[in-house]
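Each chain is listed here by its residues.
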Amino acid sequence: MADFTAEVYQNEFLPEGGTDVNAIVTVTCTAAGSAGQTGSGDAGEIIIVDTSGSMGRAKLEAAKVAAAAAVDQILDGTWFAVVAGTHQAYLAFPLVRSGRGMVQMDSNARYAAHQAISQFRSDGGTAMGTWLTLAGRLFDSVPELAQRHAILLTDGENHNETPDQLTNAIRGVTGKFQCDCRGVGVDWQVAEVRRIAQALLGSVDIIPEPDQMSQVFAELMQQSMSRGVADAQLRVWAPQGAQVLFVRQVSPTVEDLTSRRVEINPLTSGYPTGSWGDESRDYHVCVRLAAKATGQEQLAARVQLAVGNQVAAQGLVKAKWSDDEGLTTRINPEVAHYTGQTELAEAIQEGLAAKASGDEETATKKLGRAVQLAAETGNEEATTRLRKVVDIDDSETGTVRLKREVDKADEMALDTASTKTTRIKG
Amino acid sequence: MTEPAAAVPPAALRQADGSLHCPHCRAEVAATEAFCEACGGALTPTAAASDDEPAEMAAPIEITRSIQADTDNQDTVVLVRPCTNCGGVIGADGYCQTCGTKAPTERDHYTEQPASWVAACCDRGVRHHRNEDATAVAAEPAPRSRAVLVVCDGVSTSIDSDVASLAAARAAREVLVAQRPTGLGTPASRVAAISGAVVKAAAAANTAVIDNTALDSENAASCTFAAAVVEADLVVFGNVGDSRVYWIPDHGSIGEPTELSVDDSVAQARIAMGTSREAAENGPQAHAITKWLGRDSPDFVPRTGSTVVNSPGWVLVCSDGLWNYASEAAALQSLVAEISTPESDPLPLAVALVEWANSQGGKDNISVALARL
Chain A
1 MADFTAEVYQ NEFLPEGGTD VNAIVTVTCT AAGSAGQTGS GDAGEIIIVD
51 TSGSMGRAKL EAAKVAAAAA VDQILDGTWF AVVAGTHQAY LAFPLVRSGR
101 GMVQMDSNAR YAAHQAISQF RSDGGTAMGT WLTLAGRLFD SVPELAQRHA
151 ILLTDGENHN ETPDQLTNAI RGVTGKFQCD CRGVGVDWQV AEVRRIAQAL
201 LGSVDIIPEP DQMSQVFAEL MQQSMSRGVA DAQLRVWAPQ GAQVLFVRQV
251 SPTVEDLTSR RVEINPLTSG YPTGSWGDES RDYHVCVRLA AKATGQEQLA
301 ARVQLAVGNQ VAAQGLVKAK WSDDEGLTTR INPEVAHYTG QTELAEAIQE
351 GLAAKASGDE ETATKKLGRA VQLAAETGNE EATTRLRKVV DIDDSETGTV
401 RLKREVDKAD EMALDTASTK TTRIKG
Chain B
427 MTEPAAAVPP AALRQADGSL HCPHCRAEVA ATEAFCEACG GALTPTAAAS
477 DDEPAEMAAP IEITRSIQAD TDNQDTVVLV RPCTNCGGVI GADGYCQTCG
527 TKAPTERDHY TEQPASWVAA CCDRGVRHHR NEDATAVAAE PAPRSRAVLV
577 VCDGVSTSID SDVASLAAAR AAREVLVAQR PTGLGTPASR VAAISGAVVK
627 AAAAANTAVI DNTALDSENA ASCTFAAAVV EADLVVFGNV GDSRVYWIPD
677 HGSIGEPTEL SVDDSVAQAR IAMGTSREAA ENGPQAHAIT KWLGRDSPDF
727 VPRTGSTVVN SPGWVLVCSD GLWNYASEAA ALQSLVAEIS TPESDPLPLA
777 VALVEWANSQ GGKDNISVAL ARL
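Protein sequences appear in the order of chains A and B.
Numbered by our numbering, the letters in the first sequence go through residues 1 to 426 in order.
Numbered by our numbering, the letters in the second sequence go through residues 427 to 799 in order.
Chain B extracted, bound-state conformation (with noise of 0.2 Å):
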């Protein structure tokens, strides 16, 4: 969204109840947004986002593309950013005039930045024709004060994940940005207390995958599940499948890079079972989970759990798609010094991870959410 736009883009369409509408689908959207979440077409933002407030009390975001709509109306979207390939026009059929590559649609690439300490991207990769996974990230203005960071990661094999999962990751961060800490409480109470809101996300992030979910449909969507909240030097986590969260501490520091989230999925049977990781991950159905959020979903409750930092590093939430790369803690500890900026700033690491992992095939969907401690 930092490039410029090479013409004026029209503005929402407001209707009589005051809500908002892209001129191009006629989704609901904010008078922040400069681009429609559900089409990915250019928008003139009517009101300008606010410094003081954090993004997650933006208008709550409605994914209104219908569930049995055709993919090929993507057709209509007008882009006008130049060819990612080329830096040719991008016609009105949403396809480069010169070179005829695709224009990525706002869903198949998209950043977030709620404040300058915590970013996430996400994207489509190389080898899938669609973004089924997503991100939802927020927090408050302050440094190390309270973040909210959200993937869930679409099964491919399913119809409409991609619509179900961002729903998901959003009705997730909703429910935890509205959990606040209550008086002072003990430690233990506060571990607690946001332990039993991830589970409330996961379920509200189920329900949502649900909706998304044609009645007939005969391959309900699904998608996996992971959180982390951060308050201070507290990071309470839980995850269903097998998008994980690290601690990823600056390298030199104190503290060991870890994977705090423990996978649902046959590859971690198989290690809980001996098995070495590297063949675990590797062997046939590593990729298959155990659980997962959807329809068909035999069990939604995540396994949660809490860790106190005390040094300085990343918070890390992330699909498969990036650690088919780097599965290692130490790995990505690795990688996280080698491409970070001294400034500590997350967007560009995670937009620069995401870009690691296409340079490495990017077989998969791509999420990366970064809170800096």
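Looking at chain A on its own, in the form it has when it is part of the complex (with noise of 0.2 Å):
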């Protein structure tokens, strides 16, 4: 059985009149187990691969390649399936046409959808939105599914929808199933993909070569399966008339949870988290609360990640209001820390915006504070992508000068990577 625990940081001491607390608080789980293999339900993952016209032989190959090794890493008894996504959805594997849409693994099954995989041809377009819906139909058909998941991988902009309908597809199948987004090359649109990824609780990244797929399959693919505790909430109780003011997890990326928010009682709000595996999250949490007098003490917010109903583990957020500045005026670090790595995701995001639609000078200001928070909060990785598209004069100014010539893949490897965090350095 998993093992939860919550550490929070925080200064919890408030100014006369102070009314914002502000907490990081770390969740950690350690003897997650294996996906599907704890008790608590079968575990589901399909692999959706991009056969449209565009992939052509060369990625069209790779892709076969890598659809295979990530069947290779499922283990036996999990349920799944393969889609080849066009204009239109296909299920490639298990071949049925009714009844259940995936089957359980085992050595025939994988042999089988080895085969199915081999048989792969690029035609046609791009519809992301028809490859989800199907995808969740595919989930609905095996009920005794307690975790799912889905690989997609793309290559070209979602042609053949509109962003509404998109939009749509997204929304049907919010919370059936997680889905990490890859694109291979540098023709698909960083910002469309990451809407499907942040909805469904799955990370983004971009493949920048056909040959690199079949590895990043296979991890994706152990990293799902090595997740065994299915499903996970965080909550977060405040007081009566206290206002909880965002939600973010910090780490081991920036995600606003703050919309994502479900009603657990009038006290406490409910934030879906997906699956877990051994592994430490950060999540900041804000509460603004009606000032009290110096002396008092209340609770601020309790931080707790629940497993099914239960309550697995609890960070208390406190409140302490007092006269003596030396107390009240430490800035918290790891509070400061993941504040600066926010602005730094955002500032980033905002920057490549600013240059993909011409504004230079706006584009050279954001990503120069980018290079700068990136110096301050030690965030080395930002800075190297950094590098790749600006030149930097001053990091400590944030004194940058956007290349002439940029790489494609580098500049939506720093977009995607926008939101990795660094932890504080100990």
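Bear in mind the hints are in silico, worked out from the structure with no lab data behind them.
Accuracy of the hints is not assured; some may be wrong.
[Claimed, not checked] Short, incomplete list of chain B residues facing chain A, as computed with Cβ under 8 Å: (1) Asp519; (2) Gly526; (3) Lys528; (4) Arg553.
[Stated by the list, open to error] Listed below are the simulated SDA-like cross-link pairs for lysine to any residue, each with C-alpha atoms no more than 25 Å apart in a straight line: (5) Lys789(B) <-> Ala290(A); (6) Lys292(A) <-> Thr733(B); (7) Lys365(A) <-> Asp393(A); (8) Lys292(A) <-> Arg507(B); (9) Lys292(A) <-> Arg553(B).
Beta carbons are placed, not taken as given, at the ideal position from N, Cα and C, and that holds for glycine.
Take each chain as given, in its own frame, and dock them per the hints.
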């Protein structure tokens, strides 16, 4: 049985009249076990591969190898399916026309899936909404599934659907399964695919070269199989009259959870976190309270991780009003670090968006700020990626110049990795 | 402790040696206690408190909170009483499940009433995060017979003063309760014997403070000491620091309200040199004390004195949490006249004085111990 712990990092001291309490809560899961193997229900995996005409021979052959590598990582007993996507969605495996659209993995199924994948032909357009909708229906056909995960590969823009059609399709499957999305090459839209990944509690990344695909797919599937906790919910209790200003995941990536709120009871909000393996995730919670008299103490939030309806871990966020300036002006390093990392992600995304629309002034300003924040918060990976897009004159002041020649893949990699954060250096 | 419990709390756990322990924090508890003295957790008493026995005869209470203990351990205390702020349910983490107010622990606010004519109330106040004051009182059942009142005020800049002050007050009480008049003696010899006991009580309190100070503590726990022993109309008192003993005769009766003790403080030194009391008690370092108990105490021998009272009134032992807002004995007399009930019950008066100090701002912890004469 998985164990969860919660640790709180904050400065609980507020000055007279102070109302806003910030805290970082680190939730750690250990002994998670493997997906579908912990007795709490079966796991299901769907591999969705873009087989549109734009894939061409080289990318399609690499995609076949990658899909087969992912199939090899699926544990026996796990329900699975393979979907081939163009302007329509096809169930490539299992070869059924009705009933259950997924089968349990064993050596025969693995062999048959390899055969089916080898038959992929590139043809037609791209309509990712239809791929997601089919995956949702396939998962629905196996009621005993407790954990549902998909890998989606695309190489191009969503030409054959309007943004609204994609939005509706995403909405239709949100909460039904998690989806990690990968784009191969440089002809796909980061923002479009990020929209899918964020709604479906998954990751988004670029695979610049086709021959890198099979390793990425194998790793994604391994990671999914190591998530033995099918689903968990972050819960935030705040006192009557208080306002939860925001709830953000800040590590390993920045995800604003505020809008995903569901009400548990009038004082408690729930936020989906998807499945868990052995890992730590950090959350930034900000609560606004009514100020109390100096010397008073109260609880600002109970931050809990719930599995099913059981609270598996709880951290207490406190508020103590004090007239001791030495206490109230202290800045908690974790809160400061992640506040900087969140701003870093925004600066990168806004800077790249400005650059794409030809607004070089804004792009220079935002990416300069990003360089400054990456240096301040010690995010060397972000600094390395930023260096490929801008020339840095002075990282301390954030003085940069946009590079004239930028590799498109580097720019997309900066975008997809913008939400990745580093932990504070102990 | 008069409020009904929402659920039946667990009984104390009995160890192989017969001692009883708190099911919440494992501190040793007495069979008669409804709350653990160490953590404030609710208990179901396994024995009724006996009426014909003075309260001081109850098993000595050990203060077992480790001096290195993380204060976060308090979070695990289960309180069954409703929230003092909104009446909501207190969670297992010690905070209200509705408004988040921290539930006071038994250490934050407690009252004692060993006999109908003696009571004490000790409170965290408003501005401080912990209650580092402590009271310990004892009395024989018959009104105006024999009573012991002790107040210790922990110095807030030192570590673990809350644990040390409670240990000190109880150690002093034990010494003073054990000291009994032997034979008839002359009034002078009685005073001398009791004064000697007050000096011994201060020494015992000093030892208790040191025993509750971590060896490697860089900021040794320390506290004040004020005690009064009442035997019929005789009041013998002593103090170290700025906790005080007052005689407050009833309004309209003969006798002057009197501050019996003399502070060991910078303010008192200025008053002795001619500064007005008001100026001295509000001047710089007014609250700096010149004597205290603890490992770094330069001198813990109390200044003692005695008086014989000849009118109805109150012996009041208190910390500066009260007298900050009413320093003159006459001001306290007016205050007592204003808020005391005609029944002369000491507990409601002690609680009312604490509430009054809180209403004045509650800048410090507040201790009030009273004996009705």
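Right, here's what the structure says about each hint:
1. Asp519: Because about 6 Å separates Asp519(B) from the closest Cβ in chain A, which is inside the 8 Å limit, the hint holds.
2. Gly526: For Gly526(B), the interface hint holds, since the closest Cβ of chain A sits about 3 Å away, which is under 8 Å.
3. Lys528: Holds. Min distance 5 Å.
4. Arg553: Holds, about 4 Å.
5. Lys789(B) <-> Ala290(A): 21 Å, holds
6. Lys292(A) <-> Thr733(B): 45 Å, violated
7. Lys365(A) <-> Asp393(A): 13 Å, holds
8. Lys292(A) <-> Arg507(B): With a Cα-Cα distance of about 22 Å, the restraint between Lys292(A) and Arg507(B) holds, given a limit of 25 Å.
9. Lys292(A) <-> Arg553(B): With Cα atoms ~11 Å apart, Lys292(A) and Arg553(B) stay inside 25 Å; holds.
This entry does not satisfy hint 6, going by the numbered hints stated previously; all others are met.
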